[in-house]
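Colleague: Protein chains in written order, with our numbering: chain F, 2 to 244; chain Y, 4 to 484.
Treat the hints with care, as some may be off.
[Claimed, not checked] Straight-line distance between alpha carbons at most 27 Å, and here's what the computed DSSO-like set of lysine-lysine pairs gives:
(1) LYS89/F x LYS102/Y
(2) LYS102/Y x LYS114/Y
(3) LYS73/F x LYS89/F
(4) LYS327/Y x LYS362/Y
(5) LYS192/F x LYS102/Y
(6) LYS20/F x LYS362/Y
(7) LYS114/Y x LYS89/F
I should point out that these hints are in silico values taken from the structure, not numbers from a laboratory.
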Amino acid sequence: MRRWAIAIAVLVLLVGAVKIVRPFVAAQRDQATEVPSPASLVATSTVPLAPREPVCFSNAVAERHSEVIRFKVSSPAGPAPALRVTIKGPGYDARADIPAGLQDTQMAQAFIPAPGRDVPVRVCIRNEGDLPIALFSSNDRTRSRSIAVIRGTSTGKSVWFGFYEPSARAITERIPDTIQRMTVFRPHWVKVWLLWAIAILLLVGAPVAVIWAYVRSLREDGVDDLMKVDVARPRAWWRRYLD
Amino acid sequence: MRRSRRLPLPLLAVLCVTLVAGLAWAFAVPALQGADEGAHFAYVQKIADAHTVPWPRKEYGLLQAEFSPSVSTEQATAWVWAGLEPLRGNRAAKPLWTKADEQIWARENAKLTPADRRDGQGSQAFRNPPVYYLSAAVPYEIAGGTFFDRLFAIRVYNVLLLLATVALTWLLAGELFARRREFQTVAAAAVALQPVLLDTITRVTPDALLIPLTAAVLYLMVLVVRRGPTARLSALLALTTIAACFTQGRAIGLVPPVLFAFGLAFYRRFGSSLPRAPGRLVSGVVWGAAIVAVAVVSALWATRFQLSQVGGFWSYLWQFYLPKLPGMSHPIGPHWTATNVYLDRFFGTFVQFEVVFPKTLLDGLRLVIDIGLIALVVGAWRHRAALRERRDVVVTLLVTGVLLMLSLHAASFHALLSNPADPVFTGRYLLMLVPLYGIAIAAALSVLPGRLRAGASGAVLAGVFLLQISAFGLVVARFYA
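Model the full structure from these sequences, guided by the hints.
Modeller: Right under this line is the structure:
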């Protein structure tokens, strides 16, 4: 009986690993490296971007893997003019130019050099053309700490803005970073090694422990198919699988 | 067979798994991402820092939980500067996850004074009774330190409550299955790996205490019925029930089943002095009167004593579980049925409801549940002699399940009359009966003979582990991928 329990459990776990876990962890996902200001949930707002005027915000962090920036443009009057994005922080100064022609509600995307370390930055987006446009922003509870400022005046809104990796990746490629990220905004005693230990115990130790507990419980109950079999009594073949 | 008094090794192994899974959920999910977690944390903070127990001061100027003055300035600072509020329920958002982010928050947090921990005005959560919050104030005080030190200390405390829930499931299963370790292990492991239980109990929420207290009530009810209403057991059951009621209002639904258990225990202890036939008649009349009384009281409370709505309540109840009959009108509120609550929400909805199991998985789960229910019925028939021997316990647990569900439906309908948009009945509420979920799985497996049962049990345990790890993976992917 115990062997049956172990064999079937291992079989189910293997099938689960192949059919569920592997496709899940192997799936290539768009990897955000930091989203200083996410899209809103309920109410969508915009911040005007007048010709030759920049919109700036601080308290953003360019994570060390960041190589792409994204934000969303509102340009109902026609294709958006060229935009220039400058990102400045201690020891980091990047500039990205987005050519004219973005359509209304289109996502603007540009490449930036990876900072190599996590840098707090100030981001400015400047309208290089003559057509006034706007940037999608949040003014509801999803408004972030990076409030957009125009000519020194707060707009009270946060422009949807995120840093990304240049290509999609599998979860497994970023496991050490994920573990590291889980220690942020946690108690000081939640260390990387502790989370590694929990992760390994959960993924490997937990299934082993559960199956072991069941097998052990059979033993404690004194239940064993070999003990119960009356070898003197003839049995149908199918009985051998049921008794 | 005489058992050793030491902690059984299978239970110890299941508790270790529970601890690891509980800590994983507690640390992986960023702060304040549980349902109303900020509001519940504000309650604890009010007790610990302002030395005030908000309950039951109804005149308190309560605000919407989303409105930052409802919580302390300290928490509101974390909402904005740690990026927790934009993250809540928002799939477009990721946590702020660099040490540089932490430094930006720390700079703002350093400007706060002790008074900024005490100034939360409170939200609807402040109407909850205080037992959980009082208990959570202990780890809050012990932890001290930053906002995050204290919040995660409460989450770790909740993991201990999860361990208690699993241990009580083990004990309850022991009473039902004559201490067969095999079934105790299956029941406890199924509960330990129930994904929504882990998601719920590892947040700051009174449900974290309500669930083990309800499990304790179930266990003590069974003891009272089986061993008789001794003073010690009766006092323990009464105290536990009172503690549950002062933890979360939903526990009021436990009072009628507890009274039933006491009544049954006293009836068994002192017996009927009437001869057999009249005794049965009296018993039947009492049962009938009790059922009618419960039905009438539930319906009246559910409908806010509007007699014209009583038919609507029963129609709502019917259509929640069964297809609409000719002549029935559409029930009040959104389309919300047993499938939504017992399947989608009980098994497959996490965090702020933005993480859900895929439909294919839920469909597969539904098939397994249907097979399990059939096995349960077959098992009940097959083991009818053993069930007859324990009929008091079985009836008590069935009555508890039915009455608790009825009370939740009555509360739901009661609320729907004032706000038809919110069904106020979700899978999280079923967690009060989570030990019965584990026991039902063990009972369904008990129908199988010998090796087949061992193999099926191995498959089920591996299956619940996969379910657990799938849920955890989805939640980790939602926040970190």
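Colleague: All hints are to be evaluated individually against the structure, with a verdict given for each.
Modeller: Comparing the hints with the structure gives:
1. LYS89/F x LYS102/Y: Distance ~18 Å between LYS89/F and LYS102/Y Cα, so the pair holds.
2. LYS102/Y x LYS114/Y: Since the Cα atoms of LYS102/Y and LYS114/Y sit roughly 19 Å apart, the hinted pair holds (cutoff 27 Å).
3. LYS73/F x LYS89/F: holds (20 Å)
4. LYS327/Y x LYS362/Y: With a Cα-Cα distance of about 24 Å, the restraint between LYS327/Y and LYS362/Y holds, given a limit of 27 Å.
5. LYS192/F x LYS102/Y: Holds, at roughly 13 Å.
6. LYS20/F x LYS362/Y: Satisfied, since the Cα-Cα distance of roughly 16 Å is no more than 27 Å.
7. LYS114/Y x LYS89/F: This hinted pair holds, its Cα atoms lying about 26 Å apart.
When held up to the earlier numbered hints, the structure conflicts with none and fits them all.
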